[in-house]
Amino acid sequence: MTADATDAPARRRLPRLRVRGGAWSVWLVGLFLFLAVFGPMIVPYDPVATNTRVSLQPPSWAHLFGTDDVGRDVFSRVIAATRLDLMIALGAVLLSLGIGTALGAAAGWAGGWTDRIVSRTIDTIMGFPLFVLAVGIAAGLGNSVWSVVIATSVVNLPLYARTTRSEVNRRRSAGYVQAARLSGIGSFTIVARHILPNVAPILAVQASLNIGWAILNAAGLSFLGLGIRPPTPEWGILVADGADFLFSGEWWMFVFPGAMLVLAVLAFGGFGDWLRDRLDPKRA
Amino acid sequence: MTRVIAFRLLAAIPNLVGIIVIAFIVTRILPGDAAAYYAGPTATAATIEETRQRLGLDGTMMEQFLAYVGQLVRGDLGDSLSSGQPVIEDFARRLPASLELTLFALVIAIAGGILLGVGAALRPRGVVDRIASVVSAVGQAVPTFFLGLVLVFLFYYLLDWAPEPLGRLSFMYSPPQPMTGFWTIDALLQGRFDLFGELVRQLALPVITLAWFGIGPIARITRSAMMDALSSDFVRTARAAGLSRRTILWRYGFRNALIPVLHTTGMVFSFMLGANVLVEDVFGWPGIGAYTVDAVLVADYAPVQAYILVMAALYIVVNLAIDVITALVDPRVRYDG
Amino acid sequence: MNALTAVLDQPSPPPDTSPLLAVSGLSISFGGRIVPTVQDVSFAIARGETLALVGESGSGKSIIAHTVAGILADAARVNATSISFDGIELAVDRRAVEALRGRRIGMVFQNARAALSPTLAVGTQIGDVIARHRKLRGRALREAAVEALAAVRIPDPERRAKAYPHELSGGMCQRVMLALAMAGEPDLLIADEPTTGLDNTTQAAILDLLAAEAKRRLMSTLFITHDLGLARDYADRVAVLHAGQLVEEGSALTVFDAPRHPYSARLVRAVPARAATVADLGGIPGKFPDLSGTVPACRFADRCERAVERCRTEVPRLDPVPPDGRVACWRPLV
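Each protein sequence line maps, in turn, to chains A, B and C.
At position 42 of the first sequence the residue is numbered 42 (this note's numbering), and the sequence of numbers has no breaks.
At position 52 of the second sequence the residue is numbered 52 (this note's numbering), and the sequence of numbers has no breaks.
At position 303 of the third sequence the residue is numbered 303 (this note's numbering), and the sequence of numbers has no breaks.
Hint data in this document are derived by calculation from the structure and do not stem from the laboratory.
Treat the numbers as computed from the prediction; the structure is a model and nothing was measured.
Glycine included, every Cβ here is placed at the ideal spot set by N, Cα and C.
Accuracy of the hints is not assured; some may be wrong.
As the list claims (entries may be wrong) - Short, incomplete list of chain C residues facing chain B, as computed with Cβ under 8 Å:
hint	residue
1	103
2	109
3	115
4	129
5	166
Claimed, not checked - Far from chain B by the CB rule (all over 12 Å, computed), these chain A residues:
hint	residue
6	29
7	120
8	174
9	182
10	198
11	231
12	277
To be verified - FRET-style restraints, in silico, Cβ to Cβ:
hint	chain 1	residue 1	chain 2	residue 2	range
13	B	7	C	208	38 to 46 Å
14	B	332	C	185	29 to 37 Å
15	B	7	C	156	28 to 36 Å
16	A	247	B	5	58 to 66 Å
17	C	118	B	131	30 to 38 Å
18	B	111	A	46	48 to 56 Å
19	B	75	A	120	47 to 55 Å
20	B	189	A	231	37 to 45 Å
Using the sequences and the hints given, assemble the complete structure.
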């Protein structure tokens, strides 16, 4: 009997703006990519050039986001930081996607001890406050962009390894895999050519949803002063620098880079949802 | 019940071992020569070598690891370079501050998340549901440290409602006699109610910042679990039996929605332990998070190791507590072991 | 003999001939559908009587039962000339039933284990109902809950009261349901497919218990079932539903021995042995009408070999059938 609420009158549902997964996020991601590539060329001021005559000026037409304590243009710095932040996030996601997929595929295909060791390692990483782990790793690796990339990718590894493991495991006994096996194709080829392409859409969605998180994680690390060093413009560092001037009311220094972070996370999150709606309709 | 606890404790051992290994490895991959660092800037080759031996850094990896485990067993977490004190003493002084902050935030996140989630489940697409999705969306997109700074700017700088975000208590007040280490509770125990109010004012912003990120996930899981429970056969039975709305909602509905909520609470706690580092940094909170960040910045690795271990231990304890509560709530769990 | 039965065994009041429950002109629709799922159904239950509402799944029998108890989903739109329970009108104010639920109207559902909360001991759940309706507390409440379990012949009730649903068998859970439904000492028990999913022996035990309790407590029963055989054995009267329309009503024996509606006749013919149920009827040709499209006036018309043009255009009147039955058919069997 169809007494459930899903039968509720469809006519009362007003058209609503699709907040998550809307096409706007695709445009926004495009804009961010554009800024990452061309940002440093189109900014009005040199993002690292100091000019103490115009220090700590509030937003104006000359300086859209105001200037910082040594007279650098905040707008230029925020835009110029896009490249580094996106490179870190994308690099971290690609790294964990690559290694995580390889580990997961090995565990899912081989089973047995390989599976047990990989799964146990994954569980250990998952069963731990991830940001704390990232802080520990970044601290261990010292001050470089790479330490942020690696720290962010390690805490993300389990996500990809887990998904790949279960998907490969599920497909191991599928008909087309059995057929490939019988025709004498090697394990590596079967996994790489016949199984992974089927898992790819799921991983692509996961990776795109993961970029926003990677941006947050990387910004958190550099906010604490790990990895990247000033005066390199980076959103987390810009917020940290601006925080010192909050108490004297120079809010523009921390608000604009922070808002940029929020916008980037929203854009990539929405993009991930958009991609999921298209690639993986089951989970939509 | 004892079986449940024993079983979960045993299951936590591999994780604990894994964490010890990670804590060890993290500090061994530190760039540069730790012995040279410890020996100080004026060290000669001879004193560096002597320091290396003193620190046990001259053995093989395995020897070093066993020496490290041996230290741990004796409760020795090493000495901090920056403070010159045994790490365990610094931690003992600072851990209560971190715990007070995190536990308050956890309580607020659980209470807020459950209320929002239950409200949203009662009226999907209603006002409460909308509020819950906004809170949740903000929690997903806004970095912890940025939310903290925005709150400070609004409530301290602009509105002047909150006290200066520098630690647990303004220097104008003297802290309570240490009893539990939780200053709010100590103040209440000593009957210093004005001090209690001041402590709560000081706690408010960091706690809200930290709690915010837990409210979303808890509200979401509560909403869906509650909607499942409310449309279940047993709630229909309870309604047909004429039980009061309150009984149906909490005793028959919520009680059965509690298991997934508890599970999510465990994940939220884990997240909070991480975010705690950032919040302590923003609010000048004298906890172990801020302490460790300072240590990290000067490559003082004993505190980092200790921090990772303490966090892992906390995480294991809280998850054990959640497992025990789960077993208390759901009789089916008790027999699964 | 315990205190509970002593109270109930008091001399019965002078016979009241008005029906306990009288439903007339009941229509129920869902969502944006124009065709109502239940159309213009009327029936009555006398005091102490058992009426079986029989039909295939999807016939609307459970929806009707849920409407009487006022626990239908909010998405449903209910229209009724009258739903009168012991003189109280429930059709106008749907909240009026709230005061009756559990106290004067009890309800038993199918799949009892899922219908009991998995996280509370069964004694606690019965206790909740007793506390609500009889205002007992503490030890008296616990004893009353154990007594209620004993009344439905659960062995070792003290121990069973502490058990959880997953620790009890399906039949045992159904007994607990029955105890729970009767904890408020209702005048009307609605049993919605109470034995579906139970084996035959347990089914008979539960229904015998239900019948015995109904008789002892002078309780009326609305018995929802898809099994015509069970209806014949356990009901005084039978109302046959087809696709939301009431097609025939009468005393159980009359409907069984001399069905007047072609649909009832098919149902009876299809139940030669006790084992067969309406659910697995292979003998009725044609599909159940799709209520999301247009349907013939008599919704059985497309499956009926006696159908004439009138059956598709005009809803059959409910005509009296001697001695006390009714049939809705333009060409009834004689």
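Hint check results:
| no. | hint | in the structure |
| --- | --- | --- |
| 1 | 103 | 6 Å, holds |
| 2 | 109 | 6 Å, holds |
| 3 | 115 | 4 Å, holds |
| 4 | 129 | 5 Å, holds |
| 5 | 166 | 6 Å, holds |
| 6 | 29 | 14 Å, holds |
| 7 | 120 | 7 Å, violated |
| 8 | 174 | 31 Å, holds |
| 9 | 182 | 39 Å, holds |
| 10 | 198 | 29 Å, holds |
| 11 | 231 | 17 Å, holds |
| 12 | 277 | 18 Å, holds |
| 13 | B/7 / C/208: 38 to 46 Å | 45 Å, holds |
| 14 | B/332 / C/185: 29 to 37 Å | 32 Å, holds |
| 15 | B/7 / C/156: 28 to 36 Å | 30 Å, holds |
| 16 | A/247 / B/5: 58 to 66 Å | 48 Å, violated |
| 17 | C/118 / B/131: 30 to 38 Å | 31 Å, holds |
| 18 | B/111 / A/46: 48 to 56 Å | 50 Å, holds |
| 19 | B/75 / A/120: 47 to 55 Å | 27 Å, violated |
| 20 | B/189 / A/231: 37 to 45 Å | 50 Å, violated |
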